[in-house]
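Following the hints, complete the assembly by docking chain B onto the known chain A.
Chains as they are written, first to last, in my numbering: chain A, 10 to 352; chain B, 10 to 352.
You may find that some hints are simply not true.
Note: identical chains are not told apart, hence a pair may lie in one copy or across any two.
[Unchecked claim] Derived lysine-lysine pairs resembling DSBU-like cross-links, with alpha carbons at most 30 Å apart:
id: 1; residue 1: K345; residue 2: K330
id: 2; residue 1: K126; residue 2: K196
id: 3; residue 1: K129; residue 2: K196
id: 4; residue 1: K104; residue 2: K126
id: 5; residue 1: K88; residue 2: K288
id: 6; residue 1: K262; residue 2: K279
id: 7; residue 1: K279; residue 2: K226
id: 8; residue 1: K196; residue 2: K88
id: 9; residue 1: K196; residue 2: K89
id: 10; residue 1: K286; residue 2: K262
id: 11; residue 1: K286; residue 2: K272
id: 12; residue 1: K288; residue 2: K226
id: 13; residue 1: K126; residue 2: K181
Honestly, the hints are just simulated from the structure, not real lab data.
There are 2 protein chains.
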Amino acid sequence: MKIIVDAMGGDNAPEEIVKGALNAVEAVGVDVVLVGRGEEILRTLERSGNSNLPNGVEIVDASEVIEIEDDPASAIRLKKDSSITVALTLLRDGKGDALVSAGSTGALLSGATLIVKRVKGIRRAALALFVPNSASGFLLIDCGANAECTPEHLVQFAYMGSFYAESIMQIKSPRVGLLNNGTERTKGTPLQLQVYELLEQACGSGSLNFVGNVEAKDAMKGVCDVLVCDGFTGNVFLKSIEGVASMIMSELKGVFMSSARTKLGALLVKNGLSGLKEKLNPDLVGGTPLLGISKPVIKAHGSSNAFAISNAIRQANVAAKADIAAKLSANISKMKASGRDGE
Amino acid sequence: MKIIVDAMGGDNAPEEIVKGALNAVEAVGVDVVLVGRGEEILRTLERSGNSNLPNGVEIVDASEVIEIEDDPASAIRLKKDSSITVALTLLRDGKGDALVSAGSTGALLSGATLIVKRVKGIRRAALALFVPNSASGFLLIDCGANAECTPEHLVQFAYMGSFYAESIMQIKSPRVGLLNNGTERTKGTPLQLQVYELLEQACGSGSLNFVGNVEAKDAMKGVCDVLVCDGFTGNVFLKSIEGVASMIMSELKGVFMSSARTKLGALLVKNGLSGLKEKLNPDLVGGTPLLGISKPVIKAHGSSNAFAISNAIRQANVAAKADIAAKLSANISKMKASGRDGE
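Bound conformation, chain A alone (with noise of 0.2 Å):
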C-alpha cells in the first residue's frame, strides 16, 4: 500500500508530519508519498537524520499551502498548487491507495468531493470520529461536515458507519443509534422522526442493525457503535466531551496539587490516572475518516504529533485495504430516501 501524506497540513508540520510519516514506514510497513514544499520537507529529513531519501519515501511538490484563515471552499480553487490539492489529485489519479491530511478540515472536505468525488449516489461525505466511552467507544457520524442534513444524508450516514464499524472497528452486525433528545420513537425534530423511519425500514429488511433513538449519555455507557446524527448536533457534542474531559481533568489537577497531601495521593495514583488520560486521548486512534468519498480520506487532528500521524497512516492502511466505496456502491439502491428528498 502507498499512502498520501499532506507534509504541509496542522500545527506541527512538516516536522511531527515527515516524522510520523517515517515511522509508519517502518512500523506500518506501507510506502508513503510526502506532498509539500519539497525542500522544507528533504530539510525536515535531514534534520532527522536521513541525508538520502529512505526506501519507502516520495516527495511530490506542491509549493502553496492551505493556511488555517483561508476559505476553505474557495481555498482549493484558488490554491491550484497546495498541499492538499496536489496530494488529492494523486489520490485520485491512482498514485496511491489512501491519503492523510491534519490540515484545513474544510478544505480537505471541499476538495475531496471537488477533487476525489464522492461514490456515485452518495449525497454528502461525512467525518466519523471514534468516540471513547465506558464501553468500547462508538462512530459519531457525522461529527461536523455537514450542519443542515435531510433525511436521506443521515439513513447514508448510518449506511457509511456501519460499513467502517465493521470493516475497519471489526464489529459483526454494529449497532446503530439514532442520536435524539429522548429514546421513544415520537422524540427529536421532524428530522429525526423521518430518520427513525426510514432506519426502522433499513432494519426491518436486514440491511442494518437500528437499535432506536439513543441519549447522549447512553452513548457514554456504550449502548450503540455507531451514532447518527447531523454535523451541526455532533459537533456541539464532540465538542461538549471534550470541554468536559478537559475541565475535570483540570479541576482534578487543582485538587491533587492542593496540599502535601494530596500530592502524595497524586503519586500513588499516578500509572492509573494516565491510562485514563490515555483512553481520552485523541491521538491514540489518529484520524478521522472521511466517509462517503470514492477512495479513503483520513482526517488527522489538527495538533498531530508524529505518534498520531503514524497511526492515522496505520488507519489508512487499514481503510484502503477494507474498500468501504466499494460497499457503498454495491449497496446505494438501499440507501435512497424513496425520492422523498432527493435533491
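Same frame as chain A, but now just chain B:
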C-alpha cells in the same frame, strides 16, 4: 412569600418533597402549599414527627398523579385533579407566588403554558439550566423544552436568559453567547446565521451583551454567562455533559479501587474529590426555571432529595422577588424579529 410545591412529583415523592418543603420553611423563611394526595402527605408529615400541621404549611388535596409514562400534553387535560394541574391552577389564581415541581417536565411545561400562560408576546417558554464549568458556571437556554425553534424564539431565549442571569445570578451585563459549531459569524445552519444577526443588532442597540458564537468546549471554560440554543441541541449538550462526567467519575473510581496503593491515594485526596463531585451535582442548585411563563415555575430534578427540593424552593423564592415576567413584559417590543418569523 408562599411557594406552591407539587408534593407528588419525582422519584422520591412524597417523602423527600415534604421533608424538603419543611426544611425550606425553616431555612428560607417561606410558607409552602403542599399539593397532592392529602392523606399521604399527612402520613409523611407524621413520620417526620409532625402530628399537627406545622406553621407555614398548608395542604391542598389533589387525587391524581401524572406518571412518567403518561403523555405530557394530554395528561394535563385528562387528569384535571393531578397535583401538577392543581398546583398550576393555584399559581394562576394567586394562591402562591411561585411553584416547584419534580414531576414530568413535559407535563409541567404544557400545563404552565396552558394554565398559567406565557408572558404576552413570548412565543415559547424555555428551560434554563445552570451548568457548572471551570469558571462560575453558565445558564443554558433552552435545554429541552422546544426541539424546533425559529430565530425569534432564540432571540427571546437570549433576553430571558440575560434577565435571569442579571436578577437571580447577580451578574451585571451578562455575556450572552450563541451555541454554534465554530466561532466565526458564518458558522452554523440558517437558524444560527439569522440569530447571530438579530443578536448583533440587539447588542448594537445596547439591549443585550452579545459576545458572539460560542463552541461547547469554550462554554465549559467560561467564555459566557448565558448560552442560547434550540432545545434539541441544548438537550444533547446537557446529556453529554452528564454522560462524560459520569463516565470519567466511574473510570476514576476504577483507578482508585485497583490496588491497596491506589486506595491509599484515594483516601488522601478524598476531600478534594468530594468537592469536585459536589460541583458537578445538580442537587445543589436545585431547579431549572421555566422562563417565559407569567409566574415563576421551577422544575426540580426528577431524582431530587429533600436537600434539592429545599434548594429549589429557595430559588423559587428569589425568582418570585425578582419578577422576571415583568422585565420580559417591559421589554417585549425589543424581542420581536420584525415580523420575519412571527407565527
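Here is what the structure says about each hint:
1. For a Cα distance limit of 30 Å, the shortest separation of K345 from K330 inside one copy, 26 Å, qualifies, whereas the shortest one across copies, 56 Å, does not.
2. Only between protomers do K126 and K196 lie at most 30 Å apart by alpha-carbon distance; the minimum there is 24 Å, versus 35 Å within a single protomer.
3. For the homomeric pair K129 and K196, the shortest alpha-carbon distance between copies (28 Å) is at most 30 Å, but the shortest distance inside one copy (32 Å) is not.
4. Only within a single protomer do K104 and K126 lie at most 30 Å apart by alpha-carbon distance; the minimum there is 16 Å, versus 66 Å between protomers.
5. Taking the shortest Cα distances, K88 and K288 never come within 30 Å of each other, neither inside one copy (38 Å) nor across copies (49 Å).
6. When the C-alpha separation of K262 and K279 is checked against a cutoff of 30 Å, the pair qualifies both within a copy, at 11 Å, and between copies, at 13 Å.
7. With identical chains, the CA atoms of K279 and K226 are at most 30 Å apart both within one copy (27 Å) and between copies (26 Å).
8. Taking the closest pair of Cα atoms, K196 and K88 come within 30 Å of each other only across two copies (23 Å); inside a single copy the shortest separation is 45 Å, beyond that limit.
9. In the homo-oligomer, the alpha carbons of K196 and K89 lie at most 30 Å apart only across protomers (25 Å), although the nearest pairing inside one protomer, at 46 Å, exceeds that limit.
10. Both within a single protomer and between protomers do K286 and K262 lie at most 30 Å apart by alpha-carbon distance, with minima of 12 Å and 14 Å respectively.
11. Taking identical chains as interchangeable, the C-alpha atoms of K286 and K272 lie at most 30 Å apart whether they share a chain (18 Å) or sit on different chains (19 Å).
12. Taking CA atoms no more than 30 Å apart as the test, K288 paired with K226 passes in both settings, with 18 Å inside one copy and 19 Å between copies.
13. For the homomeric pair K126 and K181, the shortest alpha-carbon distance inside one copy (29 Å) is at most 30 Å, but the shortest distance between copies (52 Å) is not.
Consistency with the previously given hints fails for number 5 only.
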